[in-house]
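Protein chains in written order, with the working numbering: chain A, 1 to 465; chain B, 1 to 465; chain C, 1 to 465.
No wet-lab data here; the hints were simulated from the structure. Every value quoted in this text rests on a predicted model; they were computed, and no experiment measured them. There could be a bad hint or two in this list.
When chains are identical, the list treats them as one kind, so a pair holds in a single copy or across two.
Claimed, not checked - Derived DMTMM-like pairs (lysine to aspartate or glutamate); straight-line CA-CA distance at most 25 Å:
1) Lys464 - Asp168
2) Lys461 - Glu208
3) Lys22 - Glu126
4) Lys464 - Glu29
5) Lys341 - Asp320
6) Lys341 - Glu19
7) Lys22 - Asp12
8) Lys461 - Asp148
9) Lys464 - Asp161
10) Lys464 - Asp171
11) Lys22 - Glu7
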Amino acid sequence: MTDEVTEPLALDPDRLFPEGEKSRRIARELYAEVAEAPIVSPHGHVDPNLLLNDEPFPDPVELLITRDHYVTRLLHASGVSYGQVYGGGDPREMWRVFCAHWDALQGTASAYWLRHELGDLFGVNEEPSAGSADRIYDRIQSRLAQDDFRPRALFNRFSIDVLATTDDPLDDLAAHAAIAESGALGGRVVPTFRPDAYMDPTAPGFAERMGRLVGDRADDFDAYLEALRARRAYFIEHGAVSVDHGVRSMRTLDLPRDEAAALYRRAVAGELSAEQSAAFTAHMLTEMAGMSVDDGLVMTVHPGVFRNHDSATHARYGADTGHDIPIGVEYTSNLRPLLEKHGSAEGFHLVLFTIDETTFSRELAPLAGYYPSVFVGAPWWFIDAPDAVQRFRAATTETAGLTRGSGFIDDTRAFLSIPARHDMSRRSDSAYLARLVAEGRMPMPAARRAIVNLTTEQPRKVFKL
Amino acid sequence: MTDEVTEPLALDPDRLFPEGEKSRRIARELYAEVAEAPIVSPHGHVDPNLLLNDEPFPDPVELLITRDHYVTRLLHASGVSYGQVYGGGDPREMWRVFCAHWDALQGTASAYWLRHELGDLFGVNEEPSAGSADRIYDRIQSRLAQDDFRPRALFNRFSIDVLATTDDPLDDLAAHAAIAESGALGGRVVPTFRPDAYMDPTAPGFAERMGRLVGDRADDFDAYLEALRARRAYFIEHGAVSVDHGVRSMRTLDLPRDEAAALYRRAVAGELSAEQSAAFTAHMLTEMAGMSVDDGLVMTVHPGVFRNHDSATHARYGADTGHDIPIGVEYTSNLRPLLEKHGSAEGFHLVLFTIDETTFSRELAPLAGYYPSVFVGAPWWFIDAPDAVQRFRAATTETAGLTRGSGFIDDTRAFLSIPARHDMSRRSDSAYLARLVAEGRMPMPAARRAIVNLTTEQPRKVFKL
Amino acid sequence: MTDEVTEPLALDPDRLFPEGEKSRRIARELYAEVAEAPIVSPHGHVDPNLLLNDEPFPDPVELLITRDHYVTRLLHASGVSYGQVYGGGDPREMWRVFCAHWDALQGTASAYWLRHELGDLFGVNEEPSAGSADRIYDRIQSRLAQDDFRPRALFNRFSIDVLATTDDPLDDLAAHAAIAESGALGGRVVPTFRPDAYMDPTAPGFAERMGRLVGDRADDFDAYLEALRARRAYFIEHGAVSVDHGVRSMRTLDLPRDEAAALYRRAVAGELSAEQSAAFTAHMLTEMAGMSVDDGLVMTVHPGVFRNHDSATHARYGADTGHDIPIGVEYTSNLRPLLEKHGSAEGFHLVLFTIDETTFSRELAPLAGYYPSVFVGAPWWFIDAPDAVQRFRAATTETAGLTRGSGFIDDTRAFLSIPARHDMSRRSDSAYLARLVAEGRMPMPAARRAIVNLTTEQPRKVFKL
């Protein structure tokens, strides 16, 4: 698989642009409008303590591999055991294994981002391989020792305007407060309310969690709702702009209050069947939408994932280890109860993400093309990749235009990949718009407005930033 | 969103063609074969009274906005209330709102058609915007006052050979008869039998409607079938060539006669459950296919839509106000009872439309590539758009070739958009065929035959025109 | 439809390559790396007796039409009766009918392959048409009389390194043994174990088949499993490398042993409901995976097909007559029981094919991007076609890279089409990789390694050849 001959690593300044002379020229012009724009990142998974503690990154493996399950999963598929990946052995040895498997990543979005990071941030000029592994390791390691490679310095160098983290509803948000007080960052770090484990009676430890959330009236539905509202308010005080839901199904329900209350009591008592638990979660999505109508927090939903598909790996190495696998999702019928109740509420914003691409043209664009509350989330996770982005734009724009999306979301826990991801998005959108202009489907001035809107205005508007 | 600087509106003569020099040249040659061909429109929603009364269009808003729910829905999504859109206020004010929101339509098929109409029909030479709104309004208004902008003059200028309307089975078709008698049109206006409300026991007023259709034996299944046959015959006398079905599910059943008759009796009595009603509708699709086998009317089906998704808007502003939302559809298993009974019947034509693009390569092309009765409907509604058409052709041609489709269907109630829509289809098909030729996959003479066939011969053959 | 004027048939040496100058040059370079590589065909449906008997092909119709249900179905859809196609009448007359309907095949993968075969193998230089039919017939017929057009000579001329057939578990594999003993072929012909009818209690003659497989303890589940193991061992002795499953649903189950045994006993007794039969088959997939873990045979699955959709044609003309129609498939949830048990087993290879393209990016690439056992099957059947291959690569590579696929599978019973199919695949992959290189997403040396890997190394590795 690997090749001992060193190959140059070069970042083509025109990468991702179309090959035709006319459309390439247009793409360059559009990209120039936003290439240096600040980064607005309203949803992601960077640990705020990274920015609070501002410790140097320990080594290339911790920096680029073990925190990034997009990468570890492909090593696993290629036969590298998770014992080696997550075992904490000699990082140089692990780095050699990674470089020897570099061809397994060729063509993936991860390889694209990593090449950008290696070339742009670390000045690496050769492709990873068994032969180049040590040289690249040493180069990265020497940079990591420099002060301008600490997290805060990078945050500022990346021109991050807003960075949202994802947080447990009971988190005290002390890290966020301390970061804000420090005044060390040129942009905001804001928390995001992620209540999945507080809405799903099948989540391990649900009753105990309710005890911590609600207190001594833990089985009282009104107290439960009140506690959720209070924690949302606390998050808002600390700068939060959105609530994120990761659910398997997009099903929503609007149950009679007493029925929902009864389900909740039995949920705390551990008496619900799987179907009843699902009904409770479906109802709670509608409740949370109502709270968003009241308090203004944007509601985002990431449905359609079978989490922790390999239970043995989950038991041994925990969640987010590369085996969350997508499933089909249905939005049109499932969302109706929620939208009937709140879809036309003033100021309500509901951002619907998907990995089920079939829903872009069939359901999400039609919904966002009618309901003022609904926005189509940017391609998420596996489909946050150059070709998938072209498919996304082609599937949604003809129905919903260019003003009904969320703007780009990097959704990453790999801090160093943030500029590469946003740059990829800007290039992809420039390439798409260039095609529309070249095909006589959009005038150039409108395309110039669109690239700026997609890059910075739209995420600020949708996430109320 | 809007830009006060006036921007030129220009129609690129090569719009929608590929950028490559070779394929662009081929696309131009193919398009030239059909650019001026007459319009064959075997399915649409133009009101025949428009052509009967031949009144001048009152104003740009009535002409281009309020009749077109493709447009109103995007205004609604952008925050323009339907109170303003449908409220009948000052049209000039509404036109300004529309122009100020023009960027919300950029990239959509509607913007493409509207730009074609503005530039080609009205000679408008600047993009809509807050700044240009009044000038464009005045220009359109002045044209509408001219006799050659009346509906009949436009019908003839558009070179419409056949225009099908969509009609209630109990319609007396007087408008169609009067239009035919007038001799004023250079082409035919033919009705289409649309029996949805007569086959769905859950439709409001079903029993009463049966009374009107069947008469005093309203609960007699044989009388019901006989009445449907009689109305079909009446439509045929008035020029109808097809029956159109808009159903949520593609499910078909072939029930024993007594079981179907019992369901019907209970349907009229209002005693069916939702599941039983669905079964009745599924059975009736097979009955209607049988009638098509007998009387030769082409059967078209538009399944997979959740109609009137926002019940509050439906209650206030009626149907066709932009919130019919697609859902997934299954054809292979669902159609089997109908196809087992009638799929090989001599002369039977069954045209299957979809908005669920996943079915093109998986189900519709394989079905149409075997059953002589089955034809794949042209991309419908949201996917009647340039990129979606390329996806449609790419998804169906490799399996079913170019002779198993319906030919283009505009399906529109926006009369003025008809030439723009057919032109878009001709350009899109030329672009697709040019790619096949340029990639060495089809000889040029075959591509020339194909573009002519797709444009005029195929719809005439499929719809027996 | 047809055109009496003779049109030249020419094979563009750059066919399927992109039009852009840069990417075309890259595609040519990549294709040159593999254009002459030997053919590795680990799954297909060629009859081994063809190579054993080595008789001359009788005529063009037997050679190119009646054995190829990809072609016969399109003739059927175009109104040619199966009575004529399969009736065994004058082949020259049937050939004329075929040529007169050539335009019905334009744009399909079949037309692409046939044109390649006519031009490259037979030196035909005009497109089929009513006018050219007799000339082409005579030219093919004269070649078929030559010794170098016998099956074995063609096998060697095609540079086939491995050709897998598909065989009944009780086949004695005498043909394979005799071919191997003959020493006449430059490559291997290996059998494939295809146990569908032995795992599906609803298959006609199931109990009787169990009698033949298991013997006097036909209703003993352990004896049944033992008999399957024994037959697998027999196939391995005769060179088999894989077991192929054609199932309607991808559902798998891991039932308790006694429950599975009870289902089996009742299956042999003909007492299972449809649902119980499906559960038995689902359980047996997990059992067969376990046997693959033990004996090393690669497990391939071709799910999601409604076989013999037109029962009248099936009754009259048998299976594989063009009306197997795809249905949607779900992998993520359905495969979990099997993968929980065997997904991480050392050396287990599970190749998942699909005709449901929606699963490529949503389910198959994510599964293959994590489980070392899972490989994404090459586009199968209707989607083994140029545009579909580009969609497949674009949908899977960004998630799973280029090393998690099966390599190309021709899956054909049309022996003469094998080189055309492999050549099409090599061109398509070259075109795809050229785009990645041209867009700055993959360095050229990696693309060179990738095209070689995709063409010969990957199928050898995945199928353990």
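inquiry  = For Lys22 and Glu126, with the copy left unspecified, which applies at a CA distance of at most 25 Å: within, between, both, or neither?
reply    = between (32 Å within a copy, 23 Å between copies)
Within, between, both or neither, where Lys464 and Asp171 count as close if Cα-Cα is 25 Å or less = within (22 Å within a copy, 52 Å between copies)
query = From the Cα coordinates, with 25 Å as the cut-off, is the pair Lys461 and Glu208 best called within, between, both, or neither?
reply = neither (38 Å within a copy, 50 Å between copies)
request  = Classify it for me, Lys22 with Glu7: is the Cα-Cα distance of at most 25 Å met within a copy, between copies, both or neither?
outcome  = between (31 Å within a copy, 20 Å between copies)
ask   = When no copy is specified for Lys341 and Asp320, does a C-alpha distance of 25 Å or less occur within a copy, between copies, both, or neither?
value = Answer is between; shortest inter-copy Cα gap is 21 Å, intra-copy 34 Å.
query = Between copies, within a copy, both or neither: which fits Lys464 and Asp168 at Cα up to 25 Å?
reply = Within one copy only: 21 Å inside a chain, 48 Å across chains, cut-off 25 Å.
ask   = At most 25 Å between C-alpha atoms: does Lys464 with Glu29 qualify within a copy, between copies, both, or neither?
value = neither (29 Å within a copy, 50 Å between copies)
ask   = Between the shortest in-copy and the shortest cross-copy C-alpha distance, which are at most 25 Å for Lys341 and Glu19: within, between, both, or neither?
value = Close neither inside one copy (48 Å) nor across copies (47 Å); limit 25 Å.
key: Up to 25 Å CA-CA - Asp12 versus Lys22, copy category   = both (18 Å within a copy, 14 Å between copies)
message = With identical chains, the pair Lys464 and Asp161 could be close in the same copy or across copies; at 25 Å between alpha carbons, which is it: within, between, both, or neither?
response = within (14 Å within a copy, 52 Å between copies)
request  = Pop the pair Lys461 and Asp148 into one bin, within, between, both or neither, using alpha-carbon distances up to 25 Å.
outcome  = neither (32 Å within a copy, 46 Å between copies)
Hint compliance for this structure: hints 2, 4, 6 and 8 are not met, and every other hint is.
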